[in-house]
Structure formats: structure tokens, C-alpha cells
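Next come the chains, spelled out residue by residue.
There are 2 protein chains.
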Amino acid sequence: MTNPKAAMLVIGDEILSGRTRDANMHHLAGKLTEIGVDLAEVRVVGDDRDVIVDAVQSLSDRYATVFTSGGIGPTHDDITADCMAAAFGQTIDVRDDARAILQAHYDKAGTELNAARLRMARIPEKAVLIENPVSAAPGFTIGNVHVMAGVPSVFQAMVESVLPGLTGGAPLHSKTYTVHRGEGDIAGPLGQIAQERPELSIGSYPFQRDGRYGSNIVVRGTDETVIAAAIADLQTALG
Amino acid sequence: MTNPKAAMLVIGDEILSGRTRDANMHHLAGKLTEIGVDLAEVRVVGDDRDVIVDAVQSLSDRYATVFTSGGIGPTHDDITADCMAAAFGQTIDVRDDARAILQAHYDKAGTELNAARLRMARIPEKAVLIENPVSAAPGFTIGNVHVMAGVPSVFQAMVESVLPGLTGGAPLHSKTYTVHRGEGDIAGPLGQIAQERPELSIGSYPFQRDGRYGSNIVVRGTDETVIAAAIADLQTALG
Numbered sequence: 023m024t025n026p027k028a029a030m031l032v033i034g035d036e037i038l039s040g041r042t043r044d045a046n047m048h049h050l051a052g053k054l055t056e057i058g059v060d061l062a063e064v065r066v067v068g069d070d071r072d073v074i075v076d077a078v079q080s081l082s083d084r085y086a087t088v089f090t091s092g093g094i095g096p097t098h099d100d101i102t103a104d105c106m107a108a109a110f111g112q113t114i115d116v117r118d119d120a121r122a123i124l125q126a127h128y129d130k131a132g133t134e135l136n137a138a139r140l141r142m143a144r145i146p147e148k149a150v151l152i153e154n155p156v157s158a159a160p161g162f163t164i165g166n167v168h169v170m171a172g173v174p175s176v177f178q179a180m181v182e183s184v185l186p187g188l189t190g191g192a193p194l195h196s197k198t199y200t201v202h203r204g205e206g207d208i209a210g211p212l213g214q215i216a217q218e219r220p221e222l223s224i225g226s227y228p229f230q231r232d233g234r235y236g237s238n239i240v241v242r243g244t245d246e247t248v249i250a251a252a253i254a255d256l257q258t259a260l261g
Numbered sequence: 023m024t025n026p027k028a029a030m031l032v033i034g035d036e037i038l039s040g041r042t043r044d045a046n047m048h049h050l051a052g053k054l055t056e057i058g059v060d061l062a063e064v065r066v067v068g069d070d071r072d073v074i075v076d077a078v079q080s081l082s083d084r085y086a087t088v089f090t091s092g093g094i095g096p097t098h099d100d101i102t103a104d105c106m107a108a109a110f111g112q113t114i115d116v117r118d119d120a121r122a123i124l125q126a127h128y129d130k131a132g133t134e135l136n137a138a139r140l141r142m143a144r145i146p147e148k149a150v151l152i153e154n155p156v157s158a159a160p161g162f163t164i165g166n167v168h169v170m171a172g173v174p175s176v177f178q179a180m181v182e183s184v185l186p187g188l189t190g191g192a193p194l195h196s197k198t199y200t201v202h203r204g205e206g207d208i209a210g211p212l213g214q215i216a217q218e219r220p221e222l223s224i225g226s227y228p229f230q231r232d233g234r235y236g237s238n239i240v241v242r243g244t245d246e247t248v249i250a251a252a253i254a255d256l257q258t259a260l261g
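Here the protein sequences come in this chain order: A and B.
Numbering of the first sequence is given in our numbering, commencing with residue 23 and proceeding in unit increments.
Numbering of the second sequence is given in our numbering, commencing with residue 23 and proceeding in unit increments.
Chain A extracted, bound-state conformation:
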């Protein structure tokens, strides 16, 4: 597969302490698969400046596109924007375009744009704003990194703002064939079929339900005809 490769950086102590269960990785994974971008790696790190800077530089060097979630709110533990500026050697300050967006939003709500809220207008000098139709405070794109919020509803809205600008590859199709036999029974013929069709990715995901073993065999590829042929092979071999 030669689809463009992407990575994700999830930022936040609350994920690593087990307090919050991350939902954004699963959402982004599904969205990227739809448009033919391969999510190749995800890292989850805490609210630690050096670790964040190091991780984003490493992922940005290695992959075509990087998405981050978390740490761009108004509180003291929101350090993502400053980390991104540091990672790309840019200055960061309250920017007029971001301030205008916040001012309009809070004016409408009759809420004061205080010093804390104004922190959300701190944007690296050369970054491009990402629209946030949910709560106004923008994300931003810096280099090949899209910096987005951690709150799932806001993250999802920002993903929709970013997706149209991404260049995808051939969209990935997948079909699932369910076998009510243990993986150990099917692994031989399954491995054979996988070897015969190197252009496909064939994965086996075991389950146990009502005391019975089974496996979902997922066949993924860009050509639906080839996928259908592999499913037919599986039916012949395992059905």
C-alpha cells in the first residue's frame, strides 16, 4: 500500500492516569481510513513540555501528516500551543485573527474575554487557524501538524474542518468474514490465502461469545474485486 501515512499525538495526563478513556484516536482512525490515509502510529504522552516537543518533532519528521489532540484550552495545564511553537522554532503570542474570533464569540454570549480565555488566542506566528464551529477557540496547523482540541465534540468538528484539505490515497475497502471456529483451527488455510494475496491485508480477530470461539477475518485492500475473490477463497477453505 502506498497511501500517505499519518500519525497522531494524544496529549493529556488524564488519559495516562486512566481517569479518561480516549475517544479521539478511534474517531480519527475511522475517518482517515475512509479517505485513504493510513494512520501508522499513535503516541499518548502527558502534560510534559519536553516529552511533547520531542514526540511531535519525531512524528513530524517521520510521517506526512500529524494530528494532535488535547491541551489547547485556557487553563494552566494547557501547554500544547507553546510546545508546538517550540518544536517548530516559531514565536508565539496572542494573535489578532484568533482574538477577533474569540471576541465575537464571547460578545455574542455576553461573556467577558478575560486573560484566561485570551490564552486560547496564543497561536504560533506562522500557523494557520483551524475552524472550531463548536466553541470558537481555534485549532491550528503548523508545518505538517494539525493541532486540535481534546474534548471529543470539538475534536470531531476540527477533524471535519481539516479533512477536505488532506490528500488521500485510494480509499481502503474492507470485508469481514466471520468463522465460528477457533483461530487455531483456521490459521493454516488462512495464512496460505494471505500469502497468495500480498496486495491485501488479511487480519484475524478472535472472539469468545456465549462460550463459543470464533474469529472475524477482515480483508482490506483498495480493489473490491480482489477482496471479493479472497472472501470466496475463505468460504471455500473454511466454510
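There could be a bad hint or two in this list.
When chains are identical, the list treats them as one kind, so a pair holds in a single copy or across two.
Here are the simulated DMTMM-like pairs of lysine to aspartate or glutamate, each with C-alpha atoms no more than 25 Å apart in a straight line [what the hints assert, rightly or not]: (1) LYS27 with ASP76; (2) LYS27 with GLU153; (3) LYS197 with ASP70; (4) LYS130 with ASP232; (5) LYS130 with ASP207; (6) LYS53 with GLU246; (7) LYS53 with ASP70; (8) LYS148 with ASP118; (9) LYS197 with GLU221; (10) LYS27 with GLU246; (11) LYS197 with ASP232; (12) LYS148 with ASP83; (13) LYS53 with GLU221.
Worth flagging that the hints you see were computed from the coordinates, not collected in a lab.
Put chain B on the given structure of chain A with help from the hints.
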């Protein structure tokens, strides 16, 4: 905080394609927090040998303990055991102790221990087996890395097998104070309190419910008295 630091490596294309939502990270995060081990980083990678070897070496060098999930079943896409052997420069083959465990399990079930199932007895030469009370096929510990299954029920059982052998630090306590005001309203006093209590980790996690904004302020630390004092400060400042 000077608790021992751990990392996790989640292995599997199905997580990165969005097909499966990982549950093991959240489970492990909670368990480690209970015993005073800090989960400092998580990486999610696909079924790619070079990437897995590189990631496990990097995490193993950097953290006291590493946990992996996924890729130790009987099918062709289960390559974790071989990757771990490569990462630690050990040979790997079917080992008698692991074979005996599988043989007993399948004899009892009246199932044949065929070539595919026997792959699950491939264990690096110097690894120590991890008990699997759910489905017998063992995990293993190699160097400072605990290699476990991806199926959540099996992963959780293996975590229970491994935890008693871990040296934790001071268990982390946490208290949550919920404010029904937006983060922008509370960020000032909150930042002040966080600065005054550097021995605590104080995080703010915003939510939107029934059209109202609010925030869960989570105070974490090893001394419950200090946590209670910080909660009292929060009540005074924000209540």
C-alpha cells in the same frame, strides 16, 4: 513525583484502521495508577516488524517497565513474539514449558494441538512465561517488557498475573471537584492554586452538559491531607 515510570505498546492494525477500539490502555492505566506506577507514554503501532522492534527498543531503554498487548495468537499476523526476540537479540522456538501448558489445555478440551496452535508456544529463549488463566496460551516477560495478549479478557488476566511482581511507588490518590462554570472563568484562580502546590498534579477537564459548561478539576498526589487542603482552597476560590 518519583514513582517508577512505565510505557505501553499496543500492537495491531485493527486499532489503527479504526476497526477495533482499544480497551487495554485504559484498563492498564487504571491498574498502574492504583499501585503507584506512572504510565508515562503509550504507543500504538501496526503489524509491521521493523516498527514494532524499533518501538519496543526505544520504550524499553527509556522506561523502567514496558507492557505490550496484541499479536501473540496463532495466525500469520501474530508476529509479536518474533519481534521481541529480535529486539532483545534472543533466539526463538517452540519451548517445552509452553508446549506442555498448551498440550494439557487442548487435551482437556479434546482439541488437537496443531501446527497453528503450536505457534503460541514459540517463546524467546530467556523469557519468563506469564500465566494465562483464560485461554492457557502464555504471555512472557523478556528483559523489562511484559508481552501480553490483545483480547481484553486475556490481557486483563495477564495483567493480574504480572502486577504482584511490580514495585510500585506511593499510590496516587485523586479527588475531583466539579465546578459548573466554564474553564475560562476559573482558569485564573485555578492556575494560582496549582502554582502554590507544586507537589500535586491539578488538571482541569471541561465538559458541556445540557447546554451548560463546567469543569472537573482533578487533584492528584500521594498525600491525602495535602489533596484535601487543595480541594478546600478550590472551594474557597471557586465555590
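What hints, given by number in increasing order, does this structure fail?
none
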